[in-house]
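Take the given structure of chain A and dock chain B to it, following the hints.
Protein chains in written order, with the numbering used here: chain A, 58 to 226; chain B, 40 to 312.
Quick caveat, the hints were computed from the structure, so don't treat them as lab data.
Predicted model only: the values in this text are computed from it and were never measured.
C-beta atoms are modelled at their ideal positions from N, C-alpha and C, and glycine is treated no differently.
Mixed in with the good hints there might be a few duds.
Pairs of lysine to any residue, SDA-like flavour, derived with a Cα cap of 20 Å [unchecked claim]:
hint, chain 1, residue 1, chain 2, residue 2
1, B, Lys69, A, Phe127
2, B, Lys69, A, His102
3, B, Lys69, A, Pro187
4, B, Lys69, A, Leu71
From chain A, some residues computed to sit far from chain B (all C-beta separations above 10 Å) [unchecked claim]:
hint, residue
5, Ala121
6, Gly128
7, Leu154
8, Ala155
9, Phe162
10, Ala181
11, Gln197
12, Leu199
13, Trp206
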Amino acid sequence: MRRTLVLFATLLLLWAMLSVLNHALAEWRAHVFAGGLFVAYAALHQPRRSGLAAVMLGGLLCDAHTPVVFGTHLLLLSAAHLTLFHLRERLPREDNLAVTLVVLFANLALFLVFTFTQLPGTPAPGAVWPRLLLDLLWSQVLLTLVTPWFIALQAGALALARVPREDLP
Amino acid sequence: MPSKRLDQARPFVTLGVIVVAWLLVPVAVKAFLRASFFELTAPITLAASRIRDLQDYWSLRLHSKDELIEAGRDLARLNASYELGVQRNAELQAEVARLETLLRLPSFTTYRYEHARVARRDFSGWWQRIVIRKGSNFGLPVGAPVVFTGGVVGKITEVHATTAVVDLVSSPSFRIAGVVEGDTRPVSYQGGINPGFAPPTGVVELVPLDVVASPQAPKRLVTSGFGGVFPPGLMIGTITRAAMGGDGLFQSGEVRLDERLGSLAEVTVLVPL
Numbered sequence: 058m059r060r061t062l063v064l065f066a067t068l069l070l071l072w073a074m075l076s077v078l079n080h081a082l083a084e085w086r087a088h089v090f091a092g093g094l095f096v097a098y099a100a101l102h103q104p105r106r107s108g109l110a111a112v113m114l115g116g117l118l119c120d121a122h123t124p125v126v127f128g129t130h131l132l133l134l135s136a137a138h139l140t141l142f143h144l145r146e147r148l149p150r151e152d153n154l155a156v157t158l159v160v161l162f163a164n165l166a167l168f169l170v171f172t173f174t175q176l177p178g179t180p181a182p183g184a185v186w187p188r189l190l191l192d193l194l195w196s197q198v199l200l201t202l203v204t205p206w207f208i209a210l211q212a213g214a215l216a217l218a219r220v221p222r223e224d225l226p
Numbered sequence: 040m041p042s043k044r045l046d047q048a049r050p051f052v053t054l055g056v057i058v059v060a061w062l063l064v065p066v067a068v069k070a071f072l073r074a075s076f077f078e079l080t081a082p083i084t085l086a087a088s089r090i091r092d093l094q095d096y097w098s099l100r101l102h103s104k105d106e107l108i109e110a111g112r113d114l115a116r117l118n119a120s121y122e123l124g125v126q127r128n129a130e131l132q133a134e135v136a137r138l139e140t141l142l143r144l145p146s147f148t149t150y151r152y153e154h155a156r157v158a159r160r161d162f163s164g165w166w167q168r169i170v171i172r173k174g175s176n177f178g179l180p181v182g183a184p185v186v187f188t189g190g191v192v193g194k195i196t197e198v199h200a201t202t203a204v205v206d207l208v209s210s211p212s213f214r215i216a217g218v219v220e221g222d223t224r225p226v227s228y229q230g231g232i233n234p235g236f237a238p239p240t241g242v243v244e245l246v247p248l249d250v251v252a253s254p255q256a257p258k259r260l261v262t263s264g265f266g267g268v269f270p271p272g273l274m275i276g277t278i279t280r281a282a283m284g285g286d287g288l289f290q291s292g293e294v295r296l297d298e299r300l301g302s303l304a305e306v307t308v309l310v311p312l
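Chain A extracted, bound-state conformation (with noise of 0.2 Å):
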């Protein structure tokens, strides 16, 4: 339940730092996606249970916050922490590169998905991708900054809170 609660509050976190950027990038028509970093850590590093507890958390704050069928990222950000977590034996977690690699994936793969679900009330479909690649480039750019310093803040995070690592003996 604790590192649920932590897991969560990282995430909490992350959603406000997000939004303080999206109200800046607003006067540009901008906007940066970061799904990928609320599934990497606690689907590469924490036990499935509590690490998809607080992803489903996350999805929910996500959704409360979006005109969207409630649940959509409830269920996306689920998606992509079992794939994740099914493969994370087969990845190199410990490395920076690749942990970020893997959230430039997964964002890329959230990020279409959700542009897929949006799209059908568009009034021109084909009109809105430019802006749609051009937002998911900043937020490319943003998460390859950004992931190896949210990632040790989680871990940080869960070692303030006295939660032993998931891998650790």
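Relative to chain A, chain B alone:
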């Protein structure tokens, strides 16, 4: 071997269970969860907004007294012209009321003006909305129109305890009946295409064939007042292009919206009385 296969399928079984369980959750529970998560994070949104206000305050404190005196003088001039406008407005309102009585016309909806600071802006390619720092604590209703000096901002879609969410005029979910200024025939407006680093735009349909609009000679699109949500005559945007639609009966085109939509700091909610 079967146990290994079962182990491999486990994440997908778990996902299936989550999907089925979520579909079975009653709508009331989902609505409660949405409201709870929004309210849980409202203090974060409000705190960030107040910190920004504080930053603005301290940056304004750095201005010299000469600059403040100049700004005060400019404001006094503006106030004088606005006072004239207010007098003229009162005169016109009295005239409208007299004509309504004389012709037994239904009167226009009257509004209470509620000014609110913008706490959060969200300008993604999928939607555009803002969160304002007033909610049910100031009696804001869902569906109330929101305006600013440049015209229509949007419509309130969610009201919470101390905040409200406004769907912007540039958002694909925003639709409104408008008229080309000087014309009485309604056209259909929908927000939607928002290129990065450029003004937001929307699309307009059912434009009569005799309306000619181009980037060189744009036409102003204003609210029609139909439906009773927005008062008539508020600026939506300018039609910069109109071309024959697929049906051959009407034109469709592009509407350029106000650039300031992305940097709004304060808006006014029109609360129907």
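Given the hint that Lys69 of chain B pairs with Pro187 of chain A, does the C-alpha gap stay at or below 20 Å?
-> 34 Å, violated
Leu199 of chain A and chain B, when compared Cβ to Cβ, separated by more than 10 Å | About 14 Å separates Leu199 of chain A from the closest Cβ of chain B, which puts it past 10 Å; holds.
Below or equal to 20 Å on CA atoms is what counts here, so check Lys69 of chain B against Phe127 of chain A.
-> Since the Cα atoms of Lys69 of chain B and Phe127 of chain A sit roughly 7 Å apart, the hinted pair holds (cutoff 20 Å).
Closest CB-CB distance from Gln197 of chain A to chain B, is it above 10 Å?
-> Given a closest Cβ separation of 15 Å, the condition holds.
Restraint status (C-alpha distance of Lys69 of chain B to Leu71 of chain A at most 20 Å) | Violated: Lys69 of chain B and Leu71 of chain A sit about 23 Å apart, past 20 Å.
Test the statement that Ala121 of chain A is away from the interface with chain B: the closest C-beta pair must be farther apart than 10 Å.
-> Violated, since 4 Å does not exceed 10 Å.
Proposed proximity, His102 of chain A with Lys69 of chain B (alpha carbon, max 20 Å) | 30 Å, violated
Is it correct that the beta-carbon of Ala181 of chain A has no partner in chain B closer than or equal to 10 Å?
-> 6 Å, violated
Can we trust that Gly128 of chain A is non-interface, i.e. its beta-carbon lies farther than 10 Å from all of chain B?
-> It is violated; Gly128 of chain A is separated from chain B by about 5 Å at its closest Cβ, not greater than 10 Å.
Taking the shortest Cβ-to-Cβ distance between Phe162 of chain A and chain B, state whether it exceeds 10 Å.
-> 17 Å, holds
Classify the label on Trp206 of chain A as holds or violated, using whether its beta-carbon is more than 10 Å from each beta-carbon of chain B.
-> 20 Å, holds
10 Å cut-off, C-beta based - Ala155 of chain A kept clear of every residue in chain B | Ala155 of chain A is indeed farther than 10 Å from all Cβ atoms of chain B, at 20 Å.
Hint violations for this structure: numbers 2, 3, 4, 5, 6, 10, all remaining hints satisfied.
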